[in-house]
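K.L.:
Residue strings, one per chain:
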Amino acid sequence: MLTSLLDPLPLAASGELLPAREQMALTLGFHIIFASLGIAFPAYMLIANFIGLRRNDPDALELARRWSKVAAVTFAVGAVTGTVISFEFGLLWPEFTARFGDVFGVAFAVEGIFFFLEAIFIGIYLFGWKRLSPWTHFWSGVPIVVCGIGGALSVVAVNAWMNQPQGFALSRRGDVTSVEPFKVIFNGAFGYEVPHMILAGYLLTGFLIASVYAVGMLRGRRDRHHRLGLLIPLTVALIAAPIQFFVGDVAARSVAEDQPVKFAAMECVQETHTHVTEYLGGRCTDEGVKGGIGIPNLDSWLVGFSADTEVVGLDSVPPEDRPPANTMLHLAFDAMVGICCALMALGVWFAFVWWRRRDIPKTKWFLRAVAISGVAVGVAIECGWIITEVGRQPWIVYEVMKTEEAVTGASGIWFTLGGVVVLYTALGIATVLVLRAMARRWREAGSAAEEGGGPYEAPPPVAAGGGK
Amino acid sequence: MSTADAVAAVLWLGVTFYAVFAGADFGAGFWDLLSGKGERGERAREAVAHSIGPVWEANHVWLIFVLVVLWTAFSAAFGAIMSTLFVPLSLVALGIVLRGAGFAFKGTAARAGGRYVADRLFAFSSLLTPFFMGTVVGAVASGRVPPGNAEGDAVTSWLNPVSLVTGVLFVATSAYLAAVFLTHDSRRFAPELVGYFRLRALVAGAVSGVIAIVAMFFYKSDAEFIYEGLTGDALPLVIVSLLCGIAALVLLWRGEGWARVPAVGAVVTMVWAWGVAQHPYLLPQALTIEEGAGVSTTLTWVLIVFVVAVLVVLPSLFLLFALAQRDIVEEQPELSGRDG
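In the order they appear, the protein sequences are chains S and F.
If you use the numbering used here, the first sequence corresponds to residues 37 to 504, in order.
If you use the numbering used here, the second sequence corresponds to residues 118 to 457, in order.
By construction, these hints were calculated from the structure, which means they are not laboratory data.
Note that the Cβ used here is the ideal one computed from N, Cα and C, for glycine as well.
Among the hints, erroneous ones may be present.
[Unchecked claim] Chain F is faced by these chain S residues, among others (derived, beta-carbon under 8 angstroms):
#1 133
#2 165
#3 174
#4 210
#5 221
#6 294
#7 389
[Unchecked claim] Derived CB-CB ranges, DEER-like:
#8 S:334 - F:414: 42 to 50 angstroms
#9 S:394 - F:414: 55 to 63 angstroms
#10 S:206 - F:424: 48 to 56 angstroms
#11 F:439 - S:341: 41 to 49 angstroms
#12 S:481 - F:333: 55 to 63 angstroms
#13 S:172 - F:359: 54 to 62 angstroms
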């Protein structure tokens, strides 16, 4: 089972291809969590800030203040893990960047501006708590939200371009001879990949914040602070969930049309035919799905709203052009859709109880469900990236350049991969520990503990309190 | 001047900003590392944190700017450098991760022990990144990076006298810059440290000067093209750099506040001297700016994006610096109160 999940590319060319892919997967999978927080955390912080100012609500303002410090820590981690990815464009995939850097690079230059502005305005917002008038301070946070969305848009545009490359011409030798930046950025996959990722950021952040307060409430901290800390993010995220489901549905249908082999791998469609059965779960084999729950005709229906719709199968391309690890892709797709459905069900439950009683459902099971929702969205995001990245293999630029052509000629990637595993494990643990420590400090000290403590500020006075 | 040259100038501007701001930033970590135990070391570390705290993230962005412009406008050079110099550049990235994480966590970790570890990591990685960045520059300057995918030697390309001396020079220069900045910043929030940092600035400045002279000998024997450039077209810049360096030391010695200006000037003119010496090559004597440049539409777009960036980012950055300065000034009584 494990070997079938991890089977390398059928074309085992360079010995460095596998570790390079694993290192990219690991670093991107790690970064995407912090990137998601970078996209959406400022928005939640500003919503709390707005409520606090509008209703003169000190609890909401307190939440905004704390969230701004958490956002600063996660932004700092996201900044370094993002820089690592910039390096990996050259360290792991020099041929890809050397050949297409002038095609997709402009999008990254635009992203650079957004990132720079986001960093600057996070700094301004954090300083602004003490230095700016309340509403000026609120407005100083708005550019962070705009830049978060703009940055996501620029980066995901490049990924969308890798899936639907256009806007450039190649010479017979394969060199890029002309580029149309607008066509590159607004490519065929831009329209669904970008909103899908931005919504994912809002879902992850919302459920993650809510889950922290749900755990607090389960431990008996049922004050207004916790209630508000749960309600604000949960409401936004639960509204976003059905929108995400709709966008994801459009995305899946577009993939079926534009990258049929990826879709075939996601759904384990071996041969091109009509009346295709949709399988939930199960294992992909050459003879079809083993062990899943099959719903006749549904796959054809989902693709073209009719059982007569033809779904392209893996047999449409030679074996070396098919993505590896079909079972993993299939299960990842099922998990992602399943998690989104569960979140929508949670939303219906919450909306119903709120409509009847103007309150959060009383049962502990509701809080327990919220408590795991944040991690569940994280899993869904990872699944989504596995689908889009592994599903595009063996291509790095769909039907233009193979991943094995792009990989570095340097050796020793197994070592750097090992280093990355150790480093990122430590980084992940440290981040969690630090955030927990911040929460504990806030709990113990109440609202008085507002001095220092953010990465942009001087550390709390160690000489007075530390080492004892 | 061609479009490619204009973009190369933009790239160099990014390199300059990175050298000055991130250089000072790394150097501050160097002094953090050498601060030692005891009350005074503690105070020095606090001064370092105070000085770079508000702006460290913004400094870090210059590197991303350089990487993105390089791979967008001169992608062939980017691919060649990143693949041949895989080892030192991986170590540069390692340093960036450790440093960023260490700095973010050292103020937020729960226990003093955790803070200590984060602080040491921050300080140690402040050496790692500039040193290996220096070996990369030395490798490019001495023509050890041929075009193509990992065509150069994976080890000797950066493990050679020119690269190593350049790495040491980078560490020394950033320590010098940082000490000059810290001397100035200490005036406002830790006056008792002015003498402490001034001494270090003088020593680091002298040491940097000596290393630069030693480096020239290595360049002469092993990086002739750059050496000829530095003693030819770029000679006026080298002389200005030298004069700036001496002026900064004299001003520091006499306790003048604006020693920062010639100190920065020395670094800026050195960066541009290198650029002029290397012109018209991206990879000396193997790949010129014109040969390595991408499609002309892309080059134009890079320039447009750059102009937009200047118009949007600079005012925002100014706002941040203004707020940060105000913060330091107003927190002054609070800080000394803490220690009392």
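K.L.:
Could one say that the CB atoms of residue 439 of chain F and residue 341 of chain S fall in the range 41 to 49 angstroms?
P.N.:
violated, 58 angstroms
K.L.:
Honestly, do residue 481 of chain S and residue 333 of chain F meet the 55 to 63 angstroms range at C-beta?
P.N.:
holds, 57 angstroms
K.L.:
Quick check on residue 165 of chain S please, does its C-beta sit within 8 angstroms of some C-beta on chain F?
P.N.:
Not OK, violated: residue 165 of chain S not within 8 angstroms of chain F, min 11 angstroms.
K.L.:
Less than 8 angstroms between beta-carbons is the criterion; does residue 294 of chain S satisfy it with respect to chain F?
P.N.:
violated, 25 angstroms
K.L.:
Let me know if the C-beta of residue 174 of chain S comes in closer than 8 angstroms to any C-beta of chain F, holds or violated.
P.N.:
With a minimum Cβ separation of about 15 angstroms from chain F (threshold 8 angstroms), the hint on residue 174 of chain S is violated.
K.L.:
Hold the hint about residue 221 of chain S up to the distance rule: shortest CB distance to chain F must be less than 8 angstroms.
P.N.:
violated, 10 angstroms
K.L.:
For residue 394 of chain S and residue 414 of chain F, compare the CB-CB distance with the range 55 to 63 angstroms and indicate the outcome.
P.N.:
holds, 58 angstroms
K.L.:
So, residue 133 of chain S near chain F? Judge it on the closest CB pair being under 8 angstroms.
P.N.:
holds, 5 angstroms
K.L.:
Tell me if the beta carbons of residue 206 of chain S and residue 424 of chain F are separated by a distance inside 48 to 56 angstroms.
P.N.:
At 30 angstroms between Cβs, range violated.
K.L.:
Has the hinted range 42 to 50 angstroms been met by the Cβ atoms of residue 334 of chain S and residue 414 of chain F?
P.N.:
Cβ of residue 334 of chain S to Cβ of residue 414 of chain F: about 46 angstroms, so the range 42 to 50 angstroms holds.
K.L.:
Given the range 54 to 62 angstroms, decide if the beta-carbon distance of residue 172 of chain S to residue 359 of chain F lies inside it.
P.N.:
Given range 54 to 62 angstroms: violated, Cβ gap about 47 angstroms.
K.L.:
Is the interface hint satisfied for residue 210 of chain S? The criterion is a beta-carbon contact with chain F at less than 8 angstroms.
P.N.:
Violated, about 13 angstroms.
Violation of the numbered hints given earlier is confined to hints 2, 3, 4, 5, 6, 7, 10, 11 and 13; the remaining hints are satisfied by the structure.
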